[in-house]
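Undergrad: Sequence:
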Amino acid sequence: MNDRKAGCIMDKIKVGVIGPGNIGLDLLYKINRSPYLETALIVNIRESKGLDHARKLGVKASSNGIADILKEEEIQIVFDCTSATAHLEHAPLLKEAGKFAIDLTPAAIGPFCVPAVNLTEEFLELDNVNTVTCAGQAVTPIVAAINEVADVYYAEIVSSVSSKSIGPGTRKNIDEFTVTTKEALEKVGGADEGKVIIIVNPAEPPIYMRNTIFTKVKNPDLDVITAAVHKMVEKIRTYVPGYEIILGPIIQDDTVTTMMQVAGLGDYLPVYSGNLDIINSAAINIAEAYAKKLMGGEVSV
Numbered sequence: 000m001n002d003r004k005a006g007c008i009m010d011k012i013k014v015g016v017i018g019p020g021n022i023g024l025d026l027l028y029k030i031n032r033s034p035y036l037e038t039a040l041i042v043n044i045r046e047s048k049g050l051d052h053a054r055k056l057g058v059k060a061s062s063n064g065i066a067d068i069l070k071e072e073e074i075q076i077v078f079d080c081t082s083a084t085a086h087l088e089h090a091p092l093l094k095e096a097g098k099f100a101i102d103l104t105p106a107a108i109g110p111f112c113v114p115a116v117n118l119t120e121e122f123l124e125l126d127n128v129n130t131v132t133c134a135g136q137a138v139t140p141i142v143a144a145i146n147e148v149a150d151v152y153y154a155e156i157v158s159s160v161s162s163k164s165i166g167p168g169t170r171k172n173i174d175e176f177t178v179t180t181k182e183a184l185e186k187v188g189g190a191d192e193g194k195v196i197i198i199v200n201p202a203e204p205p206i207y208m209r210n211t212i213f214t215k216v217k218n219p220d221l222d223v224i225t226a227a228v229h230k231m232v233e234k235i236r237t238y239v240p241g242y243e244i245i246l247g248p249i250i251q252d253d254t255v256t257t258m259m260q261v262a263g264l265g266d267y268l269p270v271y272s273g274n275l276d277i278i279n280s281a282a283i284n285i286a287e288a289y290a291k292k293l294m295g296g297e298v299s300v
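End of the sequence shown sits at 300 in numbering that gives the first Met the number 0; the numbers just go up one at a time, nothing left out.
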């Protein structure tokens, strides 16, 4: 394989996508823009409108499920956009085939990876990493930033998303979604205890993804906390441009309140689907870091 440092442009790393739902199809647009990734195949277990849409984009598609992904030796990275139950079956098969799995379900077989907080070289040596949930990607970095400077002993988040922006896979996994997000607040965000409330809002016009973050801290210095939060927001915006603070941080006694909004890029779904955009953007960020590693270039994490 040629080295980019020698001035040669290398072939992109081939990736596969399992599941042509909202998340899977949105990923195709993001992969297409990547200088490091190329979609070799997207699969489903039956013919569907999602597969038809992928074919119209010029992407090879199959209704034979993961079996066809496993046959493609050139595919080195696989995005699993199905369900927690399905990924429990897929993970060992992908591992045996030597493919790096990026799990976009709440299965959490591999460790949680929130790029702005904990994407390290060590993660790129694994065979499976989990992208937590859309809420987890949106709120965990803020909790982590506050915890670093103020010691968070309790974190509670209320995440509101448009009903139109979530598909059947997410709806079937609401319980897993809530538990996984709570675990991320504690394991990655550093909170001693976490609580998660998810609101699926049917309002018209559809709302943007909004996350209200309540943290109880031991060192309530607002200036220090505000600086840490703004620094983290700028880091997230390098891969999620539509991520912004709309309230705070504000403080009362030992409770810090911050509210974030996430607007999407409007790739497959409208811009109000920031919940899809942030988890997919995180997945692309991880995949590109892994691709750079495979190419032998410098990996910035």
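Treat the hints as calculated values from the structure; they're not laboratory data. Note that the structure is predicted; figures quoted are calculated from it, not measured. Beta carbons: idealized from backbone N, C-alpha and C, even for Gly. Take the hints with a grain of salt, since some may be wrong.
To be verified - Label pairs and their calculated CB-CB ranges:
1) 254 - 186: 34 to 40 Å
2) 192 - 56: 43 to 49 Å
3) 34 - 162: 31 to 37 Å
4) 119 - 162: 20 to 26 Å
Said to hold, decoys possible - With a straight-line Cα cutoff of 25 Å, these simulated DMTMM-like cross-link-like pairs (lysine to aspartate or glutamate) come out:
5) 291 - 51
6) 215 - 266
7) 29 - 46
Undergrad: Could you run down the list of hints and mark each one as holding or not?
TA: Here is how each hint holds up against the structure:
1. 254 - 186: 34 to 40 Å: 22 Å, violated
2. 192 - 56: 43 to 49 Å: Taking Cβ atoms as reference, residue 192 and residue 56 lie about 44 Å apart, which means the hint holds.
3. 34 - 162: 31 to 37 Å: Taking Cβ atoms as reference, residue 34 and residue 162 lie about 35 Å apart, which means the hint holds.
4. 119 - 162: 20 to 26 Å: 36 Å, violated
5. 291 - 51: Status violated; Cα separation ~31 Å.
6. 215 - 266: Distance ~37 Å between residue 215 and residue 266 Cα, so the pair is violated.
7. 29 - 46: With a Cα-Cα distance of about 23 Å, the restraint between residue 29 and residue 46 holds, given a limit of 25 Å.
The earlier numbered hints that this structure contradicts are 1, 4, 5, 6.
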